[in-house]
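Number of protein chains: 2
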Amino acid sequence: MTRTPPRLAIGVDLGGTKIHAAVVDSEGTVVSSHRLGTDVEGGPSRVVEDIAHAVRTGLGANLSEIEAVGVGVAGQIEAESGVVRSSPNLKWTDFPFGERLQQALGIPVVVENDVRAATWGEWRHGAGRGMDDFLVLYVGTGVGGGIVSDGRLLTGDRGMAGEVGHMTVVAGGRECTCPNRGCLEAYVGGWAIAERAVGAVLANHEAGRGLLDRARGEELTARLVSETAAAGDDLAVQLMDETGRYLGAGLVGLLHIFNPARVVFGGGVIEGSPGLVDTADSVVRASAIPAYADGLEIRRSELEGNAAVIGSASLALNRVVSRQNQL
Amino acid sequence: MTRTPPRLAIGVDLGGTKIHAAVVDSEGTVVSSHRLGTDVEGGPSRVVEDIAHAVRTGLGANLSEIEAVGVGVAGQIEAESGVVRSSPNLKWTDFPFGERLQQALGIPVVVENDVRAATWGEWRHGAGRGMDDFLVLYVGTGVGGGIVSDGRLLTGDRGMAGEVGHMTVVAGGRECTCPNRGCLEAYVGGWAIAERAVGAVLANHEAGRGLLDRARGEELTARLVSETAAAGDDLAVQLMDETGRYLGAGLVGLLHIFNPARVVFGGGVIEGSPGLVDTADSVVRASAIPAYADGLEIRRSELEGNAAVIGSASLALNRVVSRQNQL
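From first to last, the protein sequence lines are chains A and B.
So the first sequence is residues 10 to 336, counted in the working numbering.
So the second sequence is residues 10 to 336, counted in the working numbering.
Mixed in with the good hints there might be a few duds.
Chain copies aren't distinguished; within one or between two, either way the pair holds.
Keeping only pairs whose Cα atoms sit at most 20 Å apart, straight-line, the calculated SDA-like set for lysine to any residue is [as the list claims (entries may be wrong)]:
1) Lys100 to Ala300
2) Lys27 to Gly314
3) Lys100 to Pro299
4) Lys27 to Ala63
Treat the hints as calculated values from the structure; they're not laboratory data.
Could you put together the complete structure from these sequences and hints?
Here is the structure:
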């Protein structure tokens with residue numbers, strides 16, 4: 010087998026507060042990377058300029074060697090055209106982002122939803138390598154996911170498939186950031202863990218002393234709950250155990266719907282409380298229909314914070330090649 | 010455009026109590042049909058013989074004109090090999106059903122899960138025609154579903170995708186027939202509506218008088234609850250309204266996960282209480298993220314009781330053609 014030199018692409022993870030750009034090779038290795046803040050108030054043209062500038066000057070890359078640029082954007086993306094239909098975090102609506110960035114850079118640009126891009130990254134270069142049926146669940150402040158089913162990354166009718174954080178797990182339950190009640194995110198998202206902790210402390214001030222002591226007058230956060238649980242505080246342990254059980258309840262549903270061979274967990278809440286994965290795993294073993302749980306693997310993300318840049322770059326290389334093949 | 014005569018296949022819907030066989034043409038029209046009981050106690054060989062006999066003598070078909078036989082089986086199917094991995098209703102495990110029936114008939118046989126076959130039928134010849142992203146939800150005694158996403162019918166790792174009846178909608182909720190608690194089926198399946206009605210009557214005998222009067226000492230059933238609701242009884246109306254709300258809560262989650270353009274409802278409980286679809290629809294309009302609900306169509310099944318035979322026949326024609334093309 011002759012070995013061709015790896016090809017290069019740039020992956021960009023574009024969020025409402027930060028931009029993470031990286032040169033990534035075709036084997037999924039991050040060659041160089043750069044971070045900057047997102048100037049949402051400057052409007053979409055400003056963000057295009059900032060990304061173009063970062064790509065040209067911040068990555069130490071010879072742009073003539075870069076075959077494609079992929080950008081993962083939080084929001085509703087029309088992948089074919091590169092139009093960002095709606096991104097609440099960026100305050101963009103119907104912005105032809107791919108076209109504009111391509112004009113600015115002179116390199117083919119591919120745009121995808123950030124979580125779907127990260128799922129692609131885990132699929133090609135991370136914890137989902139070689140799988141035809143696997144799910145990624147990112148549990149951070151919000152909860153998102155990506156679905157590979159029968160060897161394809163699902164997009165849905167308008168490119169919005171995968172919002173597993175907004176599946177109902179408690180009909181009529183806690184209010185969510187979306188119009189629904191009882192969403193998975195409303196129990197296990199970082200903001201929800203914090204809210205549930207506040208509720209528990211208000212309900213029983215005495216039991217909440219451990220959390221309050223650690224907070225020292227600051228706001229209760231998911232991170233603080235998870236640290237307090239790690240220190241053995243009863244209420245915090247209980248809160249995190251319940252969180253794992255809700256996560257497991259949601260996961261059992263997803264298994265029955267998709268019958269995946271592997272589930273990959275990532276995101277800040279999981280990084281802070283890896284025990285959540287064990288709790289969810291034990292819920293699955295006890296509660297899923299056995300044929301769905303037998304042989305199922307539950308793993309942690311391998312790419313973590315680099316999943317979106319690696320996935321965006323890989324997806325961009327892949328799509329540019331398939332477009333060339335169509336010509 | 011020249012018009013070729015429609016091609017013919019036989020579709021068989023094989024359940025634990027009845028067998029429904031039909032000659033179906035390539036336009037999805039049922040040409041003739043035949044029903045018989047399933048002799049589960051006679052074992053799998055007996056069922057193969059009964060189906061072969063029914064196909065030869067019960068359908069008035071000239072077998073030389075039949076290109077393929079498709080069978081939809083309740084259970085876990087390995088579609089490639091035609092092996093029934095597990096069918097609790099038929100009490101079969103790892104039975105090479107496709108091979109045996111093909112030997113008995115001398116016609117290519119294709120085996121698929123019954124709900125997936127029915128979904129295929131709605132996709133090609135019913136309420137899902139022309140859609141790339143749509144879901145079918147069958148609400149009968151149990152709750153099952155089929156998923157077409159990005160133009161493909163999902164199967165999952167072991168051919169078990171689509172068990173949407175066993176997605177958690179109330180974490181820690183009502184016991185289900187599966188090991189999980191709080192499944193959608195445990196609220197909206199026919200058996201669950203009956204159980205919830207019994208619970209409501211026991212909790213308030215006075216309010217339950219309408220249901221008890223109509224039952225006349227017989228068991229409460231979902232059908233009876235739905236008829237009593239149609240007659241205006243308060244408790245029965247409340248039970249069916251709650252059923253629609255649980256159905257809506259589950260559906261909202263499915264929309265966020267799959268982003269379909271259309272959802273199709275079928276099954277005996279829906280046929281008995283079409284108002285459930287309206288309730289679920291209004292829950293979706295109020296609770297789904299607007300971009301997922303805008304433009305979404307919610308419809309009733311067009312093929313109803315014929316969906317599995319039409320779908321099995323159509324799937325069989327389709328697979329036999331694609332196998333021939335591979336040669």
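| said: Are any of the numbered hints broken by this structure? If so, which, sorted upward? | reply: none
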